[in-house]
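Protein sequence lines correspond, in order, to chains D and L.
Per the working numbering, the first sequence runs over residues 1 to 283.
Per the working numbering, the second sequence runs over residues 1 to 121.
Incorrect hints may have been included.
To be verified - In silico DSS-like cross-links for lysine-lysine, where the CA-CA straight-line distance does not exceed 25 Å: (1) LYS141/D with LYS14/L; (2) LYS225/D with LYS90/L; (3) LYS14/L with LYS190/D; (4) LYS61/D with LYS190/D; (5) LYS90/L with LYS276/D; (6) LYS137/D with LYS52/D; (7) LYS266/D with LYS225/D; (8) LYS14/L with LYS137/D; (9) LYS79/D with LYS52/D; (10) LYS117/L with LYS141/D; (11) LYS151/D with LYS266/D; (12) LYS225/D with LYS66/L; (13) LYS174/D with LYS276/D; (14) LYS137/D with LYS115/L.
Derived from the structure by calculation, the hints contain no laboratory data.
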Amino acid sequence: MSKIILYDCGAEVAHMVNNLFGEKVAIQNSSFDAQRPLQEFSMVIVETGSKKPEQLLQQIKALRYACNFRNIPIIVMKKKSDTYPKHPYIMAGATEILSLQAPPLACRQILQGYLIPNRQPLDQEMEYLTPFINSAKHVLKTMASIDAEYKELYFPNDFRIFGDVSGIIGLSGKAEGTAVITFYWDLARKVISQMMRVTEDQINAEFIHDGVGELINMISGFSKKYFIGKPYHFELSIPTVVMGSGHQIGHPEDVSIALVIFDVGKSSFALQVCLKPKIKKGN
Amino acid sequence: MKVIVVDDSLVMRKIIVNVVESLGYEGAHATNGQNLLEILEHCGDEVGLVLLDWNMPGINGIEALKTMQKNSRLRAIPVLMVSTESEDVKVEEALASGAKGYLSKPFTPEELATKIKDILG
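Please model the entire structure based on the sequences and the hints provided.
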């Protein structure tokens, strides 16, 4: 059964959500807790009005971090009298802003859409994703003595990724695409410090910037040899790095983007892979 | 003896230089092939080994290696390629171009140290 958590929601929102879903989902109403992991929930709902918008924005950012890259929608229920714009909530990590005055049927359809389980990868998608998954684990183990555990994989519709630093590499040749690794700051610092065999306090932003780029370079390079003689074979470009929460990564068009989540202790990192064989001219 | 580490990644240069210095050699670094060739131009006689990445902006590793091989003064300096490129065809190209050894990334410090010792004895 799907589980929805309502954070700091008043009786009106709780009543509405209960009416929409009845006993089909387990609904929990709790006080805001930034430290609580959200992996077990299929949806998070917050509401405007009971606190200042700036405070709610901070809470949404914290909730997005607590999702640990999982595909968990954060829904903001907005009162009609609330004139604060929607855009800052989306930028902070919210998935959807719904008006409390919207017709219940429309709300139900929208919310139910977010509860549809993620599709499973096709065998042909796993053919190119598996080498990247194995390579990511191998690179972290070899270079940093870190055990990364593959947890799940999904195909996001949203190109934004709410980490702190992403290493990006373009792949071209027989196949083309991109591979992106995204970390939260603390885990990036830990990984780079263990790669360099120094303490975490010796790791500055420059090391993290450079090290995350080198990680995606090694992961892609190590994956590459598994594609020899296959249509997914590619050449590597020089990696680039983007910093900042909620940054958006460009990918080639018409290709599924897979987001693979790995856990390292209580933290996580994400690997996005999109790869497609080039269609030969004349075919 | 001076060992030059050529890699466009600051983190990778530091990792490799740490291993080089732990073996008792003097570590120096260059950020790409062009930078390496400039250093060798001035102090090539002091260099006992070059650890060379492949994919770098500007003059890349394989181009720098081939340039070294065409220079009678630099040809004698042994080169260990240290690269994310791990396919046999790339390894063969590097060895055919004059590299004395090849190490694929990722690697452990022990694997790197063994490769260096294999070349320097």
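Taking the hints in turn, this is what the structure says about them:
| no. | hint | in the structure |
| --- | --- | --- |
| 1 | LYS141/D with LYS14/L | holds (19 Å) |
| 2 | LYS225/D with LYS90/L | holds (10 Å) |
| 3 | LYS14/L with LYS190/D | holds (16 Å) |
| 4 | LYS61/D with LYS190/D | holds (22 Å) |
| 5 | LYS90/L with LYS276/D | holds (23 Å) |
| 6 | LYS137/D with LYS52/D | violated (43 Å) |
| 7 | LYS266/D with LYS225/D | violated (32 Å) |
| 8 | LYS14/L with LYS137/D | holds (22 Å) |
| 9 | LYS79/D with LYS52/D | holds (13 Å) |
| 10 | LYS117/L with LYS141/D | holds (24 Å) |
| 11 | LYS151/D with LYS266/D | holds (12 Å) |
| 12 | LYS225/D with LYS66/L | holds (24 Å) |
| 13 | LYS174/D with LYS276/D | holds (9 Å) |
| 14 | LYS137/D with LYS115/L | holds (24 Å) |
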